[in-house]
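Undergrad: Based on the hints, put chain B in the right spot on chain A.
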Amino acid sequence: MSEAFLAILKRDLALAARAGGGGELALVFFLTLVVLVPFALGPDLNLLSRIGPAILWLGALLATLIGLDRLFQGDEEDGSLDLIRASALPLELAVLAKGLAHWLTTGLPLALAAPLLGLLVALPAEAMLPVAGTLLVGTPALSFIGATGAALTAGLKRGGLILPILVAPLTVPVLIFGVSASNSALGGTVPFLTPFLILCALSLATLVIGTIAAAAALRQAD
Amino acid sequence: MAASDAREDALALTQISYPPLTLSAEDLACRRGGRLVFENLDFTLGSGEAIALTGRNGAGKSSLIAMICGRLRPAAGRLRVTGIGDAPLMEQIHLVGHRDGLKTALTARENLDFVQALLGEPGLPADEALAAIGLPHVAALPVGYLSAGQRRRVALARLLVSRRPLWLLDEPASALDTASQRMLVGLMQSHLDAGGAILAATHGPLGLEAAREMRIGP
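From first to last, the protein sequence lines are chains A and B.
Quick note, the first sequence lines up with residues 1 to 222 if you use the numbering used here.
Quick note, the second sequence lines up with residues 1 to 218 if you use the numbering used here.
Extracted from the complex, chain A is given alone in its bound form (with noise of 0.2 Å):
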């Protein structure tokens, strides 16, 4: 059972690894995100660095968003699926597997390359550790967020253009308390510690609610 999981996940790490396989375009995207929004607040360097963890996490947030249709859409156009169904490893713990691999290809990059970013708005070096580590523990909370919402639009043939409307409104609170744990690095009244540990805690709960939910839309699909 372990065996199949892991194949899983060594597949879908494979598939994003090779040419055409998206790896590597959520990364791109977001750091265009970042590059241009300076571009468009002007030389306010204050200002910049004021709102630079908000860029930062909403850049995170779409990048993450616009590779996550294909999560398991691919999958279902090609009936891969029908045979990860027919497989003794249940639904669930698949779901756990392609969401897994989805984070490690598009959420730790992201958070990887924040500090790097950071430059780019101003951020103050010691806010910089800070905002990584908030999106190192909340990008996993957008990976299994947005599963639930590919699983129900796997069957679509637009489903890319709804997954983002379904999908963002849940992130809400995923996204204030990444962007206050953020803030507070900065100074402020609240510690660093509350809303970073609320954050884990939603990065935990949707690593269950998420992939319970999507396998349960993977079930009624079709």
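Honestly, the hints are just simulated from the structure, not real lab data.
The structure presented is a predicted model; accordingly, all values stated were derived computationally and were not measured.
A partial selection of chain B residues facing chain A, derived with a Cβ cut-off under 8 Å:
#1 69
#2 90
#3 91
#4 93
#5 102
#6 103
#7 105
#8 106
#9 114
#10 120
For glycine and all other residues, C-beta sits at the position ideal for the given N, C-alpha and C.
TA: Frame of chain A, contents of chain B only:
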């Protein structure tokens, strides 16, 4: 000559026997989008038996296969399987549907290794399965570079890398040339000899002497 010997050796390796299993449908009905596709369908499929499922387009051949896979719920009646104890039916079936279930970015070997790890019950190693279907040279090629017929054969090689008693084949011979169709008949025959069962939706003759035809729909 040596190549065909190797193929027979590989086929001989699949000669393991399955425990007896019976799949039966009682008064099965299928409804899709409000339309009644078929009803009052009864059949029994036992070990060593093959059914060639025929019927015009839209008669519900693929729907019946989807039902056995658990992807569609019967509108009435039920499917029963005996002889496998508590194991769910899903874990006995081996599906080669009209979609090939292959990842075009991965090589043929990677695709087969994935299926073997996913479905369990390992049979032939990926390379030997590819040799058995006559495509040993494509192992390291991404499936996207293969022709439709070659992809279909790689999909059929899945049946060999993992051993499951009930083969569900949807138009297995589509896109296959005559030599490959003969190869497919050989694969199916050795599966039946090993005590497996086959349900194949088809428009042409299946080529198996033991197969009986079941026509659904009007």
